[in-house]
Amino acid sequence: MKSYVYPASVRNSMEDFLVREELVTKLKNRFTTYGYNQVRTPAFEDYDMYSLVSGTVKTDDMIKVIDSTGQVLVLRPDVTTPIARMAALEENTVSGNLRYFYVLDVFRQANDESRQKEHTQAGVECLGENPPEVDAEVIMLAIHTLKDLKFPNFKIEIGHAGYFKELMEQAAFSKQETEQLQTLIQSKNLAEIEPFLNRFSLNEEIKRAIMAIPLLHGDPNQIMKQAKKYVINEDMQATLENLSEVIKLLDMYGARESVSLNLGLINHMNYYTGVIFQGFIDKVGKPILMGGRYDHLGEQFGKTLPAIGFAFHFDLLLQAYEQNKLDATNMEEDVFQLYYDDNHQENALSAACILRNKGYRILTFPLSKWKNDHQPTSKIIMMTIEKKQAQTKAGEFEFKNIDELISFLSSGKAGV
Amino acid sequence: MESITLALAKGRTAKSTIALLEKMNIEFEDFHEDSRKLIFYNNDKSIKLLFVKAVDVPTYVEKGAADIGIVGKDNILEAQADVYEMLDLQIGKCQFVVAGKQNTELGTNQTLTIASKYPNITKKHFQKKRQTVDTVKLNGSVELAPLIGLADFIVDIVETGTTLKENGLVILEEVEAISTRLIVNKASFATKSASIQLFIEKLKEALE
Chain L
1 MKSYVYPASV RNSMEDFLVR EELVTKLKNR FTTYGYNQVR TPAFEDYDMY
51 SLVSGTVKTD DMIKVIDSTG QVLVLRPDVT TPIARMAALE ENTVSGNLRY
101 FYVLDVFRQA NDESRQKEHT QAGVECLGEN PPEVDAEVIM LAIHTLKDLK
151 FPNFKIEIGH AGYFKELMEQ AAFSKQETEQ LQTLIQSKNL AEIEPFLNRF
201 SLNEEIKRAI MAIPLLHGDP NQIMKQAKKY VINEDMQATL ENLSEVIKLL
251 DMYGARESVS LNLGLINHMN YYTGVIFQGF IDKVGKPILM GGRYDHLGEQ
301 FGKTLPAIGF AFHFDLLLQA YEQNKLDATN MEEDVFQLYY DDNHQENALS
351 AACILRNKGY RILTFPLSKW KNDHQPTSKI IMMTIEKKQA QTKAGEFEFK
401 NIDELISFLS SGKAGV
Chain V
1001 MESITLALAK GRTAKSTIAL LEKMNIEFED FHEDSRKLIF YNNDKSIKLL
1051 FVKAVDVPTY VEKGAADIGI VGKDNILEAQ ADVYEMLDLQ IGKCQFVVAG
1101 KQNTELGTNQ TLTIASKYPN ITKKHFQKKR QTVDTVKLNG SVELAPLIGL
1151 ADFIVDIVET GTTLKENGLV ILEEVEAIST RLIVNKASFA TKSASIQLFI
1201 EKLKEALE
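Going down the list, the sequences are from chains L and V.
Residue 23 in the working numbering sits at position 23 of the first sequence, with consecutive numbering throughout.
Just so we're on the same page, the working numbering is the position in the second sequence counted from 1, plus 1000.
Mixed in with the good hints there might be a few duds.
To be verified - Below are the DSS-like pairs computed for lysine-lysine, each with C-alpha atoms no more than 25 Å apart in a straight line: (1) V:Lys1204 <-> L:Lys207; (2) V:Lys1204 <-> L:Lys225; (3) V:Lys1117 <-> V:Lys1015; (4) V:Lys1137 <-> V:Lys1053; (5) L:Lys175 <-> V:Lys1128; (6) L:Lys117 <-> L:Lys283; (7) V:Lys1123 <-> L:Lys58; (8) L:Lys283 <-> V:Lys1048; (9) V:Lys1137 <-> L:Lys283; (10) V:Lys1129 <-> L:Lys175; (11) V:Lys1063 <-> L:Lys147; (12) L:Lys228 <-> L:Lys248; (13) L:Lys175 <-> V:Lys1124; (14) L:Lys286 <-> L:Lys147; (15) V:Lys1045 <-> L:Lys283; (16) L:Lys283 <-> V:Lys1063; (17) L:Lys165 <-> L:Lys303; (18) V:Lys1063 <-> L:Lys58; (19) V:Lys1128 <-> L:Lys286; (20) V:Lys1129 <-> V:Lys1010; (21) V:Lys1165 <-> L:Lys286; (22) V:Lys1015 <-> V:Lys1045; (23) V:Lys1063 <-> L:Lys325; (24) V:Lys1124 <-> L:Lys58; (25) L:Lys117 <-> V:Lys1063; (26) L:Lys207 <-> L:Lys225; (27) L:Lys325 <-> L:Lys26; (28) L:Lys286 <-> V:Lys1053; (29) V:Lys1063 <-> V:Lys1117; (30) L:Lys175 <-> V:Lys1123; (31) L:Lys58 <-> L:Lys175; (32) L:Lys283 <-> V:Lys1202; (33) V:Lys1063 <-> L:Lys150; (34) V:Lys1117 <-> V:Lys1165; (35) V:Lys1053 <-> L:Lys283; (36) L:Lys58 <-> V:Lys1128.
Unchecked claim - Residues on chain V that point at chain L, a partial pick, calculated with CB under 7 Å: (37) Gly1064; (38) Tyr1084; (39) Glu1085; (40) Met1086.
Since the hints were derived computationally from the structure, they do not count as laboratory data.
All residues carry an ideal CB built from backbone N, CA and C; glycine is no exception.
With these hints in hand, go ahead and build the complete structure from the sequences.
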């Protein structure tokens, strides 16, 4: 018989799941404190919705299925589109913003070597109004979440769709030429941008401004000053004012250290309409979060609904989180092992019950299962003739009865 | 300042790149050409140098195993890596060309078979010309392919053209100019921006 070969994408040990849930909880808690409510969208969606609405996922990358009536469905390729639809159906959006968050899987054809078709995204969408205050608050939420996760070194890069778009309108390139230039700017390829622009008879001012974009990257206040030199019309001026407003608000939040400005950040230009941002953490080569303002998506569902949102690339974030956690502390096990001898079985079992009611995690063992090779990180409770004792990282503690044990555990002296 | 990891392509351009780094006062004492070591540190340990195969440099940098890479444009194009490509070092200059046997022409409508070490670049080039091609991926001695009928033409990099001439092949079309480039990981550029910008500035000065 042929033996089963595990595909590379299968990776689900119990420890992994625990850390994963811990991370989900942290994200959920933080999202909630900014007034967001959790939502879920269907796994099977109408293909027509995605093919009509221009979003960030190419229709080629979607995973399609045909149901028994012959209708074409897709497996949820993104969450933003169905949330915009959900918000468009909402009756009273007049009274301020709708704030939704989600932790859901998205499905896309795998083009890379990992062949992974399923990715978890954890994100937020804030729909309704579009003052800079909302932009800054959403970016701050991203920063706050990364701080919660205790990453020592992270950066949010902020750009604006309007700056580049306005220059492109002035330059009047064809679609193909714009795409070529976009690739050059995104890779900061200064060596090839100039020869490329020299092929066209462009206004010197526009040419100078386009060539400067890759270098407009760094400390927000400094870059803002430089960028102002290249402004050629009112629309570009308005774009910069909007950005500068957002930066000022982030300063008020005390987040200056965590942001940099990158006007060369120009992905999904047809989708984003305002602020664009992405987040990087140390030692992870790809952005772990991406987001921006998309004011026109709602219109495709028949409602004017300015919106901004971002999503964490959850799988990447989880990897980094696990790594970071291993680096930071020797993880203490949070399960108590309770050992008892024959005389104390009844006491031990009822004590376990009481402790579980208090929310402690308890495993019970007869003394015959005792092994001498416990890790220093293990937490042990002994209930035997010789001793009644709790052992944690903080030390050993003798107790006479269960009440004493509970008051010790809840006193903070036990370090649990 | 944070230390940075630099991936350097073995082979053709390694020597001139090391010379360039020395001009920047970045010296790797225990480095010599026959060394089998793969990791070197400079004197104050601010730079860690990885010696890797040229085709792998874009991968190291894209995945963040190295912050910076120095490698030929040919390998960057073939890998289609999502990185910043920030400087042209003006060394290791050569041409990407389409070559074939004498008295042959490219202008036919039927599907052509092209042998190359660079199938991605080959496909892209002919796609632009709306010519359908089959590619045969070879890892060396590409010039042999048209001679024995494995392929109609080849796409390869040419420095002097001697190898082509000695095998009776001629250049039919120039695709793109190639030189050695400095590439940077996008996350490193964000999180280690000070050290990386300083390195780039110093390198620019050394180039002048």
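List of violated hint numbers, smallest to largest:
Of the numbered hints, 9, 19, 20, 21 do not hold.
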